[in-house]
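Here are the chains, one letter per residue:
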Amino acid sequence: MQELFQQLANGIAWGSIYALIALGYTMVYGILRLINFAHGDIYMVGAFAAYFTARAMEGSALAASPMAAVIVLASAMIACALLGVLIEFFAYRPVRRSSRLTALITAIGVSLLLENLGIRIFGADPKFFPQVIAPRTIQLGGGVLVTNHQVMVVIVSLLLMVALTLFITRTRTGKAMRAVSWNRDAASLMGIPVNRIITITFAIGSALAAAAGVLVGLTNPKIEPLMGIMPGIKAFVAAVLGGIGNIPGAVIGGVLMGVSEYLVVGYVSSTFRDAIAFVILILVLLIKPAGLLGRNVAEKV
Amino acid sequence: MVRSRVPLAAVAALAVAASLFGSLGCAKRADEIVIGEYGSLTGGTATFGISSKNGIELYMDDRNAAGGIGGTKVRVIVEDDQSKPEEAATAVTKLIDQDGVIAVLGEVASSRSMAAAPYCQQAGVPMITPSSTNPKVTELGDYVFRVCYIDPFQGMVIAKFARNTLGLKRAAVFRDNKNDYSVGLANYFSEAFQAMGGTIVSDEAYSEGDQDFKAQLTVIKSKRPECIVVPGYYTEVGLIARQARELGITVPLLGGDGWVSDRLLEIAQDALNGSYFVNHYWEGDPNPVVQKFVTEYRKRYNATPDGLAALAYDAAGVLTNALDRLREADPKAFQALKGPRNDAQKAARAKLRDLIAATKDFPGVTGRISLDAKRNAVKPAVFLGIENRQYKFVAAVEP
Amino acid sequence: MLRRLLLGAATIGAVWAVDRILVHGLNPYYYRILVLCGLNVILALSLNLINGVTGQFSIGHAGFMAVGAYTSAAFTVYGVPRWFGVTPESGPLAAALPFLAATLLGGCCAAFAGFLVGLPSMRLRGDYLAIVTLGFGEIIRVAILNIDAVGGARGFAGIPQRTDLAWVLGWCVVTFLVIRNIIRSVHGRALLAIREDEIAAEALGVRTTRYKVTSFVISAFFAGVAGALFSHYTYLHTNSFTFMKSIEVIVMIVLGGMGSLSGSILGATILTALPEALRFASADRLIIYSALLIVLMIARPQGILGHREITLRWLRRRGAP
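From first to last, the protein sequence lines stand for chains A, B and C. For the record, in the first sequence the residue sitting at position 62 is 62 according to this note's numbering, with numbers rising by one throughout. For the record, in the second sequence the residue sitting at position 236 is 1236 according to this note's numbering, with numbers rising by one throughout. For the record, in the third sequence the residue sitting at position 253 is 2253 according to this note's numbering, with numbers rising by one throughout.
The set of hints was computed from the structure by calculation and includes no laboratory data. Keep in mind that a hint or two might mislead.
Okay, the calculated bits of chain A under chain C, using three or more residues with CB under 8 Å as the criterion [claimed, not checked]: (1) 71 to 82; (2) 152 to 165; (3) 233 to 242.
Computed far set for chain A versus chain C, every beta-carbon distance over 10 Å [claimed, not checked]: (4) ARG55; (5) PRO66; (6) THR102; (7) ARG136; (8) LEU140; (9) ALA275.
Only a predicted model underlies this, so the values are computations on that prediction, with no experimental measurement involved. No residue lacks a Cβ here, since even glycine has one placed at the ideal position from N, Cα and C.
Next up, chain A with everything else stripped away, as it sits in the complex:
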């Protein structure tokens, strides 16, 4: 039993990381219907931005204070928000009116560009992520061990989920986002500044990816330029699993992926860890084609 609870606890923590990345994915998709392939790489850039900020602070008085973590997180989120906006402006905006495949290829191009620039600029070898918050092990009772970082990841992803949901449903900008996602042209006619709304969406989505990058860096302190590929794909799968475009769905999908991966390793075989996630996905989609929380929209003729 202890083993099962240990696996579940870690699975939820790991799934929360997928959830964090999936949140950004699902937002961008919800508004633009664009699979932002570069999202996983923005997550990587976020981790590196935090790495360089922390390295720059090293030795100064700031590094020792509890503010260090906040500064590191904020700088990474700001850097990535800027990056996201730039990418949207230079790469995605010109192809917005083209076919969706064209936009997808552009996204893939951006993703490859970020990865290879990362190898060039940051170096291909893995870097040690500074422990701006010292790791501690926490006993959950029954012999189940987790770290403070893992707890943090779970809490942050839940908080962000709530905050994002409130933002989208309660604020003017959020409402505008929903309008744009519903019908871009109609929204534009109603006086909603579509371009600005899309820019904001990218800024928020990219900042979320950066937050995920920092939290992963803290939990698993090894970062490298290709770290975003697999989590990027899995997070996208998680977003689809939950119903893409749906914010609580992304979190549920992410946690589900994490937990199922853990249970597969624990009770089936570790060699099938990556495959089973996809098997589950396919099964869920066959039963609920629009994902767990997605609504099946009837298509009009």
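Since the structure of chain A is already known, use the hints to place chains B and C on it.
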């Protein structure tokens, strides 16, 4: 009109392709030896390819600064294979048939070496792989050599150390299921360890690039092993060690030469204290060859070399050493290597091959290297322990 | 009928002659690139049937290729010496028949996989279907990594090298003809109707599910053939069939122009040649490559040819003053 729809696009595209290639091709200068290197400068294992490139670059630049091979400079043409086997074969074909290299250095991954080796064999161009450990690589032909251990040897060394030196009976294996080096080493270790009366209580797998290993480690923990053998690369081992300690696993971790890097302890911090791994050398070794390599590498690349850089450095060394001997023994053949691609050069390359095969006691960074009849390196292994984030010498194992 | 047979024989003869001339007259490096180029042409043409013609969205083409590669390789290594008495040492002529059998087998196994992957298209649309194909590709790769008989992570060693340019060109021609004829037939009109508007097509009596699954099956068959040719050409390892390979093929057809067959050929050729042409840039070449990709998509979002085809007639018209 059936005939009118001929795919002329194919013709047009071929023309485009041909014109693209036409502009390429490097002019070969007269008085230099051109050798090729292929490696994963991009893609999933870029970090290993770049380390190897650095090692070779360091050796060759040093050598050229000191006058090259009796006044003849060596030029290395480096080609990227994107960490893909078919690209490795393409890169080597390009090096041989386009650039006319007289010898080839590479690859790290055995699968990519095996993709490329047949072309070297067919063209009669000697190839030295720095770090492909699969025994099958050098079986592909008598022009294929290596300067690293082979899997069975290293697996046996680790098994012996665990079973006899540490006196352990129950081992868990945690392998990188996507990496040929790790899978090979894990298999040979398990075989040897069981033959010595040990038990493998758990055999779990991860994939290179993974960041989370706690699921597998929880399973391993429940089987209560006395040690965990992680025959992977330092890129993952540091995190594995950390997460094992976070789960309350206290037994030592054992590993192979894939662990060798500065990053290992930087990432693992205290988590690897009490663990052991196989290496070719240890940094504290007073051997001037090792000291020179480590200081110069640090100075130039601002990093401590990993095992792959050291092996690549030695591969370049073994090749230049053979070229040295060729120049002394047969100056005419040496001249032919600089000349055009003709029968004289082919004969010279065959001579070079013979001299590489005869390498004996080459003083490399990774030990005194001799090549055996199967073109594999024979050299001692060193067991290092980790204590307080410091390496300490534990035992040397003769081949 | 006689005319067709003659045409077929002439094609085989021509392809063989081209191969003989090139294998002696051409630098082996260029020869190799031509072969890889041909393989990519087969992959791009076949994927075009799903993505370009039928308008479905598959991002798991490398999975079908892997199925074909590994089944045909296993057949050659384990089956051929026993049933055909042909060993790796046998000459190319004696090996031709078993090799043809191996490629067909690889194609058929991949086609079966295509059938399985096509089935969910009954219920799933767009991105959801894409994710299923992606998942399939990953599942296949993990499964192969766990089969010891085909080498797992160490790669499948000991496959005799049977593929040459003649085989690849021959299959290119077959793929092109089959897919062109499908597009021109009444079935092809149905596929195009599904692309343009699935609901309308269904309302008009097109059995959409059946057509979608069929296009998956045919497309997967040729991807499997390409895989079989690939596995008998270069060292076989799962690293060749990653998600990135699927993406590469998609980029080829989008670059050339979705739905355009000559576009697919053009796209495959350019994207095989481009990374080679960029070799002078060494480690920077993938940076340039990806930047070029973005620029191309912005400058010409419909691909180089769009829906058009390059034909003799088109060329003649252009050439006229």
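Now the hints, each set against the structure:
no.	hint	verdict
1	71 to 82	violated (count 0)
2	152 to 165	violated (count 0)
3	233 to 242	holds (count 4)
4	ARG55	holds, 24 Å
5	PRO66	holds, 39 Å
6	THR102	violated, 4 Å
7	ARG136	holds, 35 Å
8	LEU140	holds, 32 Å
9	ALA275	violated, 4 Å
Going down the numbered hints, you'll see the structure goes against 1, 2, 6, 9, while the others check out.
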